[in-house]
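Asker: In case you want the letters, here they are:
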Amino acid sequence: MRIHGSEASPSIPGRQFTASLISRRDLIRTALLAGASAACGPALSLAQTAIPETTPAQRGVDDSKLLADSNWKPTFLSKGQNETLIALSDVIIPATDTPGAKEALVNRYLDLVLAGEPAESQQKFVDGLNYIDTESQRLFGKEFHLLTPEDQNDLLQPLAYPLRPSFWLNKDHPDPGVEHFGRLKSMIAVAYYTSEIGQRELGWDGSFTHGPYQGCEHPTTTHK
Amino acid sequence: MPQDVLQQTYDVIVVGSGATGGWAAKRLAEAGLKVALLEAGRAVSPKEFTEHMPAYKLKYRGHSPEIERTRPVQKQCYACMEYNYEWFVNDLENPYSTPADRPFSWQRLRIVGGRSLVWGRQSYRLSDTDFKAASRDGYGDDWPFSYADLAPYYDIVERYVGITGAAEKNEMLPDGQFLPPMQMTCGEVRLRERVKAKFDRTLTIGRAAIVTQTHNGRAACHYCGPCERGCSTFSYFSSPFTTVKDAVKSGNCTLITNAVVSHVDMDSDANKARGVTYVDRMTKETKEVRGKAVILCAQALESTRILLNSSTREYPNGLANSSGVLGHYLMDHVAGGGASGTFDDLNILPSANPPHRPNGIYMVRFRNTPSSGKHPHFIRGYGFQGGSAPEFNMEATGIGAEYKKAVKLGRYGISLGAFGESLASWDNFCEIDQNLKDAWGIPALRISMAHGKNEAAMMRDAGVTAAEMLEAAGAKNIRVQTSYGIPGMAVHEVGTARMGNDPKKFVLNAFNQAHDVNNLFVTDGSCYVSSACQNPTLTMMAITVRACDRLIDRFHRSDV
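Protein sequence lines correspond, in order, to chains C and S.
Residue 0 is where the first sequence starts when you use numbering that gives the first Met the number 0, and the numbers rise one by one after that.
Residue 0 is where the second sequence starts when you use numbering that gives the first Met the number 0, and the numbers rise one by one after that.
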């Protein structure tokens with residue numbers, strides 16, 4: 000699936016350009032959002048014959064239950080960081096009439112991904128979590144995950160709805176809290192919306208085809 | 000492998016089983032010639048297709064550390080992902096070098112079908128404005144044939160491949176043999192109407208190698224979306240399930256997989272190619288296949304590498320390189336300039352459900368055309384590819400239930416990204432790196448290319464024109480991009496064994512035969528004289544069929 004900005008890899012010039020502008024290829028990729036079929040599952044698992052030099056996916060490996068392991072423990076995050084992340088993710092994407100980030104195991108997916116990231120990206124993430132906890136201690140004298148939902152919300156509101164730069168703000172010094180929060184939020188959003196829960200939240204019905212695209216049916220010049 | 004496979008002398012050896020190699024094998028084998036089709040990689044099976052597997056079934060949902068480790072170059076390709084990265088070459092086994100200040104991204108597959116398994120499928124004809132570009136603006140060289148010479152072969156290829164598209168009667172982009180077009184979204188129709196009215200420019204639905212109705216035994220596209228992961232109905236064109244299959248079915252084509260060709264073998268006395276030598280990818284044994292003619296279809300840089308590695312006493316600087324131009328004039332479309340925005344007044348919600356149209360829109364080149372006159376800052380031109388559709392908005396502000404709602408409400412996006420002509424230049428080239436070998440001991444390439452001032456001016460213009468067209472269509476939040484990717488990122492590399500009538504200036508003649516060796520041919524993108532701005536695969540396939548028909552004719556006259 001394509002999520003704006005989530006694919007940027009600063010070390011490769013070409014990658015930046017593909018991530019920063021929707022090219023024709025990205026447009027083709029927008030199609031990737033939920034291209035799946037439950038009916039296809041069994042057929043794919045039969046394909047687990049040993050074709051050499053294939054990816055796990057090409058061998059039909061289904062890792063969707065990996066994160067739900069009852070003995071799961073974080074491999075990258077500390078216990079405290081994990082608690083902060085669970086709480087933070089669930090304030091950003093709470094359970095409503097659909098499940099939220101906590102149930103989608105957003106923390107576990109991010110722990111897995113972070114474990115394989117370069118040290119610099121890992122540090123940025125940890126710095127973000129530390130910022131949230133430091134603010135929590137400063138304002139409420141407790142770690143973030145121990146706050147009431149109201150206090151958690153109070154802490155995050157200014158970061159989630161930042162003021163636009165104005166005469167009264169020093170634009171040369173962007174608010175570090177807003178930057179930390181923005182980075183954490185975009186990673187949490189990716190983790191949530193790529194999960195099965197997230198895909199269902201977006202309305203995916205489990206099918207991979209509903210026939211051809213019918214296109215615009217409006218009379219000329221009245222496209223609304 | 001039975002020993003007789005290597006003991007017989009084939010009529011033709013075809014190196015590479017991708018878009019062009021598949022066509023060469025099919026055309027020649029169906030004409031009754033005995034063909035050996037060599038592929039450096041393994042066979043591919045529909046059992047490996049993953050187009051219907053949701054990302055949450057992948058351990059990393061797309062970004063495996065294994066890709067980082069083994070494919071640091073290949074991962075730059077949009078199509079290389081956790082689903083299918085094993086189709087792409089392992090960069091650790093397939094090194095190449097570049098000067099530090101001239102990076103090049105060489106994205107490739109070694110598997111039956113090659114890049115046709117993952118290609119973007121966009122298929123556009125070139126016009127005489129492209130074939131005779133040098134005569135119009137004085138830069139570079141014309142092609143040694145005109146549109147009329149190639150048109151019948153475009154027809155043959157399109158009728159077989161199946162190209163969805165709409166006829167537009169635009170002189171810059173000749174119409175072809177189209178299957179029914181895919182439909183445009185509201186945003187795209189709006190853009191098409193407004194830019195026609197205000198600028199008289201033509202926006203059309205993408206012309207793509209995807210069948211929209213049952214065609215040559217392949218079912219119509221079912222609109223699942225991610226073609227580059229395979230297609231259970233073979234609706235997009237890839238060679239293993241079409242041309243290569245036909246070639247083998249004819250009974251006249253022997254497909255030899257895991258054959259990493261190192262060089263062409265010459266009979267120096269007769270000045271003829273007598274076959275090729277390859278290294279078995281698995282056992283690393285060296286073997287030779289003999290043929291009366293050799294066609295290289297290994298991809299522009301690979302075919303050039305094979306020729307450079309085939310030096311003899313008579314051809315000390317690379318086989319068929321008496322002109323000295325082999326490896327030079329490397330081109331790859333410059334891509335990136337453009338603009339994106341939103342249509343805030345189109346109240347249509349995004350959907351996670353199919354249909355997902357695996358195709359975009361195309362804006363026909365409008366700069367430096369016979370009717371537009373000369374642009375003051377650059378020669379040649381660019382086309383736009385893009386699309387417009389409602390999309391989920393993960394970048395929505397806020398938190399909580401409000402954020403979840405805003406994501407689903409989405410935004411109606413519109414974007415145009417240019418692919419511009421890359422000028423042929425002697426200074427953009429590849430050569431053998433004497434200090435670098437691949438995992439099979441074959442000397443590797445050093446690639447040296449950079450986009451120039453003309454390409455930069457073109458991308459700047461593309462940013463401006465895209466923005467003004469989006470604005471004319473009523474888009475908001477317009478963002479302009481004038482920067483562009485490094486060479487290789489368009490994955491349209493061509494030009495390193497250029498064709499032309501003068502043996503002193505060109506490697507190949509007008510029918511893709513090496514001027515120096517009359518039973519040696521190159522029909523992949525190497526033969527390009529100028530890059531035009533259209534995606535090259537369709538033209539390469541048509542050129543291959545044309546060259547093969549000439550070769551078949553020579554066999555009939557016993558002139559090989």
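By construction, these hints were calculated from the structure, which means they are not laboratory data.
Given the structure is predicted, the values throughout are model-derived calculations rather than measurements.
Fair warning: there could be bad hints in the mix.
Just so you have them, the derived chain C footprint on chain S, three or more residues with Cβ under 8 Å [unchecked claim]:
1) 48-54
2) 81-94
3) 180-192
Calculated lysine-lysine pairs in the DSS-like style (CA-CA distance at most 25 Å, straight line) [what the hints assert, rightly or not]:
4) S:K197 to S:K248
5) S:K33 to S:K195
6) C:K101 to S:K404
7) S:K197 to S:K407
8) S:K373 to S:K168
9) S:K197 to S:K168
10) S:K271 to S:K291
11) C:K64 to S:K33
12) C:K101 to S:K407
By construction, the Cβ of each residue, glycine as well, lies at the ideal position given by its N, Cα and C atoms.
Asker: Now tell me if each hint is right for this structure.
Answerer: Verification of the supplied hints:
1. 48-54: holds (count 7)
2. 81-94: holds (count 5)
3. 180-192: Result for this restraint: holds, n = 10.
4. S:K197 to S:K248: violated, 53 Å
5. S:K33 to S:K195: violated, 52 Å
6. C:K101 to S:K404: The hint holds at about 18 Å.
7. S:K197 to S:K407: violated, 34 Å
8. S:K373 to S:K168: holds, 22 Å
9. S:K197 to S:K168: holds, 19 Å
10. S:K271 to S:K291: It holds: about 9 Å lies between the C-alpha atoms, which stays within 25 Å.
11. C:K64 to S:K33: violated, 51 Å
12. C:K101 to S:K407: Roughly 19 Å separates the two Cα atoms, so the pair holds.
Checked against the numbered hints given earlier, this structure breaks hints 4, 5, 7, 11; the rest are met.
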